[in-house]
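Student: The residues making up each chain are set out below.
There are 2 protein chains.
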Amino acid sequence: MEFIIKNEYFHKAIAEVSSVVSAKTPFPILTGIKLTAGENHLTLTGSNTDIVIEKVIPATDEEAGLKIAETGSVVVTSRYLTELIKKLPGDIHIKADEKYSMTIMSDEILTSLNGFPAEEYPALPEFEDSQGIELSSAKLIEMIKQTVFAVSKNDTRPALTGVHMNFYGKSFSCAATDSHRLAFLETGIRYSFNGSFIVPGSSLKELLKLLAHQDESKVQIFSSESYLVFKTKSIMLCSRLIEGKYPDVTGLIPKEAKTVIKLDAKKLLKGIDRACLFAHEWKNNNVFLEIKEGALKISSVSSAIGKIEETQPLIELTGERELSISLDGNFLMDALKAIQEDHVLLSFSGSMRPVIIKPVSSESYIQLVSPVRSY
Amino acid sequence: MEFIIKNEYFHKAIAEVSSVVSAKTPFPILTGIKLTAGENHLTLTGSNTDIVIEKVIPATDEEAGLKIAETGSVVVTSRYLTELIKKLPGDIHIKADEKYSMTIMSDEILTSLNGFPAEEYPALPEFEDSQGIELSSAKLIEMIKQTVFAVSKNDTRPALTGVHMNFYGKSFSCAATDSHRLAFLETGIRYSFNGSFIVPGSSLKELLKLLAHQDESKVQIFSSESYLVFKTKSIMLCSRLIEGKYPDVTGLIPKEAKTVIKLDAKKLLKGIDRACLFAHEWKNNNVFLEIKEGALKISSVSSAIGKIEETQPLIELTGERELSISLDGNFLMDALKAIQEDHVLLSFSGSMRPVIIKPVSSESYIQLVSPVRSY
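If you read the protein sequences in the order shown, they are chains Z and R. Each residue of the first sequence is one higher than the last, beginning at 4 in the numbering used here. Each residue of the second sequence is one higher than the last, beginning at 4 in the numbering used here.
One copy or two, either will do: identical chains are not told apart, so a pair holds if it fits within one copy or between any two.
No more than 30 Å apart at the CA atoms, straight line, and that leaves these computed lysine-lysine pairs for BS3-like:
no.	residue 1	residue 2
1	Lys361	Lys269
2	Lys90	Lys212
3	Lys90	Lys295
4	Lys15	Lys273
5	Lys90	Lys269
6	Lys295	Lys89
Hints were generated in silico from the structure; no laboratory data involved. This one's a predicted model, so the numbers in the text were calculated from it and none came from an experiment.
Build out the structure end to end from the sequences listed, making use of the hints.
Tutor: Set out below in structure tokens:
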């Protein structure tokens, strides 16, 4: 294997695939990145037990300045390759010999890195491209961003550590819940497709990072029995799926509300943020909300530190005019951060029932936060 | 105590004194900042066992917008005060009652923080201002920056964890060594002053941070038996001194050199940085330097990872034309980073003797790095 590539481009490409590579794994070869030089392109592969990321650099990409002299492949430790390329001054000239030792030349600097045989690197799962659909990249990013934060942080119910992506006809929904809160978002898609997948939250967070660095406007999604693949022109992320049945979340959403209030979303977020400062003492970051005299009082108390309270005006109020409830301040903040609009609706069905949080102008994005005990 | 102050200014002032305050100390009152409202100024004090920092905000400072309604003082936990002020939207109105509870008002937000009685806060050591001298702030920063990195990281010889500041007549020198390397810098001062102090490296690092945020061009230095005080118009840092005798470092500097080379300082630093990537396997980050055929070869080898080598041209060479030596790459990097000039001189007296590292145009700044075993 032998090729020349521009330093900065190569460094970025390595960063894209190496983000999932762990330095600590029982399989030393998985600390590596696989470099495969084909006739007309260079492929970089990085993986962990949940995700495989593959980046293809075509020889026609002028920015990359890729020139392949000899095809072949080798695996080298991700960490050292990344740090080394960053520190090298000029174009990168790479050559691998039959002993898997890789020579890297840049200006007057000669480096060699010990490698692994590429044949020992785990093979990618195989897919039939025809089973997939195509989505706008911006839409997919929105669907993931507005739900993934609500996945469960602990493994006791593995299905809850994933986002439930459900395709049914021309509808696509994402749901995430840790059983104390829920984020649910639904959208229409152009083509009909059926399938239901629980995708690990960690995979989707990696996908968000990758898509943020792509200019491409479309993402293709393919599925197999145990994998889901997200693919743009130059990059592919293949994620393991979580087995099991996802709970029916639509049944959790209260149908009727006793009180609905409309507030300035950013101002409310800031108020909750301030109240959280005094809420850490409580197991559930208790923040107290009280509707009274046409305003919302936000407060929290810590016996050791002190207390805070503020009153925010309501833009609208319908239903019962008095109510008090204790909520987890961090969950409330996550929910408000995910809302892009200026105004937010909070619907209460009583102090022991979950609160519904919605942007004013959309019926398809619903969040729930359950109350916490205040003693 | 009662006063009003502008949010942003107050937040910055708190940050200046709170940098030394630890959240974990056996004395709860030391997790706090002391606020003292006098007739015409507000004083903030933060401290740990080594350092006291005091910031004075005069009521005449328009930027601060300070208005004192009632004098008095109170101590409140630094961490919560810092976080709270950052999150408050408007001017800060503070009031403390006789139970040491502090009320903070900002727009519609009402907060109270539990405090401590100011009388229980440790008193500052007392000084006679007349014993001091005045230095240019830029000069003091330079003296500290170019030596403090070389202090010892471990406590087995406490004197070596400090910088030796020595005033003798109109000369001022700073020396730091961990017994493997040395940084020594000498300068002339305007007024005659005699005194010799071992100042903890950690105190001087705090002083650098403080001075970086000051516009003032002069620093006054006062001493007492066991403290040294650095004072500008608005801020004061008082550091404990390390007791004991500092070793005579000038005797360590080799008088004659077998080989002297002149190199591009930045290029050499980059080369050493690259070589360090493969040097971590060695206890002393071994980087090999070899002078041969009028050039400098820099290399390092790791049996597990690989190897790197590069050759850099010499701008000048005097003395013996061949030499090889192993040095701690990290020490070399620290030494080169401290040199501001384009060119650097390296003087060798043999492969088992320390290397002298000097900027080309100055005789008063000398660094030593001892060789390491290469097997």
